[in-house]
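K.L.:
Same order as they appear, the protein sequences are chains P, S, F, W, X and U. Letter by letter, the first sequence follows residues 1 to 125 of the UniProt record's numbering. Letter by letter, the second sequence follows residues 1 to 125 of the UniProt record's numbering. Letter by letter, the third sequence follows residues 1 to 125 of the UniProt record's numbering. Letter by letter, the fourth sequence follows residues 1 to 125 of the UniProt record's numbering. Letter by letter, the fifth sequence follows residues 1 to 125 of the UniProt record's numbering. Letter by letter, the sixth sequence follows residues 1 to 125 of the UniProt record's numbering.
Incorrect hints may appear among the rest.
Copies of the same chain look alike in the list, so a pair counts if it fits in one copy or across any two.
What the hints assert, rightly or not - Heads up, simulated DMTMM-like pairs for lysine to aspartate or glutamate below, C-alpha to C-alpha not over 25 Å straight-line: (1) K117 - D32; (2) K117 - E37; (3) K118 - E37; (4) K56 - D32; (5) K56 - E122; (6) K56 - D25; (7) K118 - D30; (8) K56 - E92; (9) K118 - D32; (10) K56 - D22; (11) K56 - E14; (12) K118 - D77; (13) K117 - D77; (14) K118 - D22; (15) K117 - D34.
Bear in mind the hints are in silico, worked out from the structure with no lab data behind them. As the structure is a computational prediction, the values presented were derived from the model and not from experiment.
Each chain, letter by letter, is given below.
6 protein chains.
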Amino acid sequence: MPAGRRAAALALLERLEAGAPDRVDANLTDFDSDATEIILGFAFADVVSRPGIDLKTREMLTVAMLASMGTAPGQLDFHMRAAMNTGVSRQEIVEIVYQVAVYAGVPAAMNAMTSAKKAFAEAPE
Amino acid sequence: MPAGRRAAALALLERLEAGAPDRVDANLTDFDSDATEIILGFAFADVVSRPGIDLKTREMLTVAMLASMGTAPGQLDFHMRAAMNTGVSRQEIVEIVYQVAVYAGVPAAMNAMTSAKKAFAEAPE
Amino acid sequence: MPAGRRAAALALLERLEAGAPDRVDANLTDFDSDATEIILGFAFADVVSRPGIDLKTREMLTVAMLASMGTAPGQLDFHMRAAMNTGVSRQEIVEIVYQVAVYAGVPAAMNAMTSAKKAFAEAPE
Amino acid sequence: MPAGRRAAALALLERLEAGAPDRVDANLTDFDSDATEIILGFAFADVVSRPGIDLKTREMLTVAMLASMGTAPGQLDFHMRAAMNTGVSRQEIVEIVYQVAVYAGVPAAMNAMTSAKKAFAEAPE
Amino acid sequence: MPAGRRAAALALLERLEAGAPDRVDANLTDFDSDATEIILGFAFADVVSRPGIDLKTREMLTVAMLASMGTAPGQLDFHMRAAMNTGVSRQEIVEIVYQVAVYAGVPAAMNAMTSAKKAFAEAPE
Amino acid sequence: MPAGRRAAALALLERLEAGAPDRVDANLTDFDSDATEIILGFAFADVVSRPGIDLKTREMLTVAMLASMGTAPGQLDFHMRAAMNTGVSRQEIVEIVYQVAVYAGVPAAMNAMTSAKKAFAEAPE
Numbered sequence: 001m002p003a004g005r006r007a008a009a010l011a012l013l014e015r016l017e018a019g020a021p022d023r024v025d026a027n028l029t030d031f032d033s034d035a036t037e038i039i040l041g042f043a044f045a046d047v048v049s050r051p052g053i054d055l056k057t058r059e060m061l062t063v064a065m066l067a068s069m070g071t072a073p074g075q076l077d078f079h080m081r082a083a084m085n086t087g088v089s090r091q092e093i094v095e096i097v098y099q100v101a102v103y104a105g106v107p108a109a110m111n112a113m114t115s116a117k118k119a120f121a122e123a124p125e
Numbered sequence: 001m002p003a004g005r006r007a008a009a010l011a012l013l014e015r016l017e018a019g020a021p022d023r024v025d026a027n028l029t030d031f032d033s034d035a036t037e038i039i040l041g042f043a044f045a046d047v048v049s050r051p052g053i054d055l056k057t058r059e060m061l062t063v064a065m066l067a068s069m070g071t072a073p074g075q076l077d078f079h080m081r082a083a084m085n086t087g088v089s090r091q092e093i094v095e096i097v098y099q100v101a102v103y104a105g106v107p108a109a110m111n112a113m114t115s116a117k118k119a120f121a122e123a124p125e
Numbered sequence: 001m002p003a004g005r006r007a008a009a010l011a012l013l014e015r016l017e018a019g020a021p022d023r024v025d026a027n028l029t030d031f032d033s034d035a036t037e038i039i040l041g042f043a044f045a046d047v048v049s050r051p052g053i054d055l056k057t058r059e060m061l062t063v064a065m066l067a068s069m070g071t072a073p074g075q076l077d078f079h080m081r082a083a084m085n086t087g088v089s090r091q092e093i094v095e096i097v098y099q100v101a102v103y104a105g106v107p108a109a110m111n112a113m114t115s116a117k118k119a120f121a122e123a124p125e
Numbered sequence: 001m002p003a004g005r006r007a008a009a010l011a012l013l014e015r016l017e018a019g020a021p022d023r024v025d026a027n028l029t030d031f032d033s034d035a036t037e038i039i040l041g042f043a044f045a046d047v048v049s050r051p052g053i054d055l056k057t058r059e060m061l062t063v064a065m066l067a068s069m070g071t072a073p074g075q076l077d078f079h080m081r082a083a084m085n086t087g088v089s090r091q092e093i094v095e096i097v098y099q100v101a102v103y104a105g106v107p108a109a110m111n112a113m114t115s116a117k118k119a120f121a122e123a124p125e
Numbered sequence: 001m002p003a004g005r006r007a008a009a010l011a012l013l014e015r016l017e018a019g020a021p022d023r024v025d026a027n028l029t030d031f032d033s034d035a036t037e038i039i040l041g042f043a044f045a046d047v048v049s050r051p052g053i054d055l056k057t058r059e060m061l062t063v064a065m066l067a068s069m070g071t072a073p074g075q076l077d078f079h080m081r082a083a084m085n086t087g088v089s090r091q092e093i094v095e096i097v098y099q100v101a102v103y104a105g106v107p108a109a110m111n112a113m114t115s116a117k118k119a120f121a122e123a124p125e
Numbered sequence: 001m002p003a004g005r006r007a008a009a010l011a012l013l014e015r016l017e018a019g020a021p022d023r024v025d026a027n028l029t030d031f032d033s034d035a036t037e038i039i040l041g042f043a044f045a046d047v048v049s050r051p052g053i054d055l056k057t058r059e060m061l062t063v064a065m066l067a068s069m070g071t072a073p074g075q076l077d078f079h080m081r082a083a084m085n086t087g088v089s090r091q092e093i094v095e096i097v098y099q100v101a102v103y104a105g106v107p108a109a110m111n112a113m114t115s116a117k118k119a120f121a122e123a124p125e
């Protein structure tokens, strides 16, 4: 059962960025042998892989939350790429950045813009 | 032209909560005669009424941002209702609350849950 | 197995505040039937009931985190009481409040002081 | 020497709001006998009473900081009044609220507006 | 009329840092053709260029807000320089950093100090 | 008496990281001649060196606060090392990181994990 939770978490992560599970799992396990189960099991198996909201919309929500909190730039970079990998268009990311300016202020939006431009540059046209 | 921006902002606000424009406009104008133009003009005319993301999805984003920042409980209450008014379902709000727990922590999700339950109680079945 | 996780979470909650499990479980289940499992299962079964740090010290950490973030005053009130219920002394709470002033600023400490005084007033001498 | 620090802190507080020192000192001392010295000594004797920036401008800075962080509404209410008591005009407060919208977002500005309106209502014309 | 708003925004930006408008405008336009209008139009034309508070005091407020929120270090670096460009003295910046320690905590002040020292090093004596 | 406060602050800092006082004092004094007294005097002489909570537990609290606020990554790196220097074990740091995930969200915990791994790598086995 825990094995199923761990597998479900890594399967979701693969959808966010192809090849990420091995890297992220190794990074977490190197910290503590329970980390993948506890952290990713909660985030991706218990919550993000639930039906009810499609994965593309969930990534839009995640990008908006990370950009408005402004405290995890590395995670924002990852989810900008994940958003594009799950079908969020460049124009939709532009709109999210403007909406961040309204609800979290212009500096938060400027940081999100920088992150978005990195994801745009790495994505195939 | 400014008149158009002001009108566009209030029209968007009416879609978020029927009857809100008069109340909000009076509240802002009582503070300063330029407040509706500057604050709502930016938020609702310049940004939220743009095409590119539908209003329902925008309200999902707004709820997620306000819940994860955790600094504007009154605005969160308003946008929980506005989310339902623009077509967000109870189950979708439940999913957003769980996603807030992942990205902003359990206390932020508990606050969002309290706000959501107030909106559920006020909404027609 | 999920039943065990739910039971473990509620058992931990009982240690934080006698009688809280029924009230909190009802509040969460009224929101969504999965909420106790997802939210409390993660918080209390997966994490806070782990050995490695005793519960008293964990409550000191929780009070410090909630006070420094400053975004969940209701949860801070609960954990001030829970801290005292798990053996944190009034003097230790005073020290945490001063340390919050250093790391999160005087206003965060003033809010924590207000919350602490409510817990002091409710606690038996 | 500590007595001087405590006295300097309370003298500054009297300038922020006439009559506040007794109330605030009692509130702090009821929490811990060292609280006035540690908290107010640092805030008001060590820092805010320094020359280099006049008190009116310092209160403008404090209002802007508290409004943009958004985590201490009670302190924001106090410093809105203190700002007016030290010479900040209504129009200057209006300008600060707009600037908060730019740097911390519209919800932070709306909260600041509510706080400002309370201070305006209590102040003599 | 939009052209006037855009021009007003860039004129204000030139006062903050000579030569910045071309660089910032290119950066924003590369993201989206509306970005300069929406983001800078709001920030600099609608708000910061308003009379009622002089530009030097506005930059003091901006530095205090960015330092206390702590989520936009790049923008803080920019506005430390802009503060000096609009007449804020080194001693006034020192005072702001101390006041940040009071209202947002010592780590926020230490980050602001690092940013201030970079601006001091780049400024002509 | 001020000399005593300064000395007490630097003595506490030496316990957090051997050799840090000279470096930190020089960094602060280069900014302003009063900075060590005002900033470190408050943080380390007035608060952290108080009895009532042992230094090891205080560093656990500091790590938890900095990780949950997420706005001072450099200070978090320092206090991860200081925690280990004052007797916090690797397993205890692992537990704090998991508890940060509960109260401040997974991204805050991931940032804390990165910081912890740097401290682990630098510490003698």
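K.L.:
List, from low to high, the hint numbers that the structure doesn't satisfy.
P.N.:
Per hint list: zero violations.
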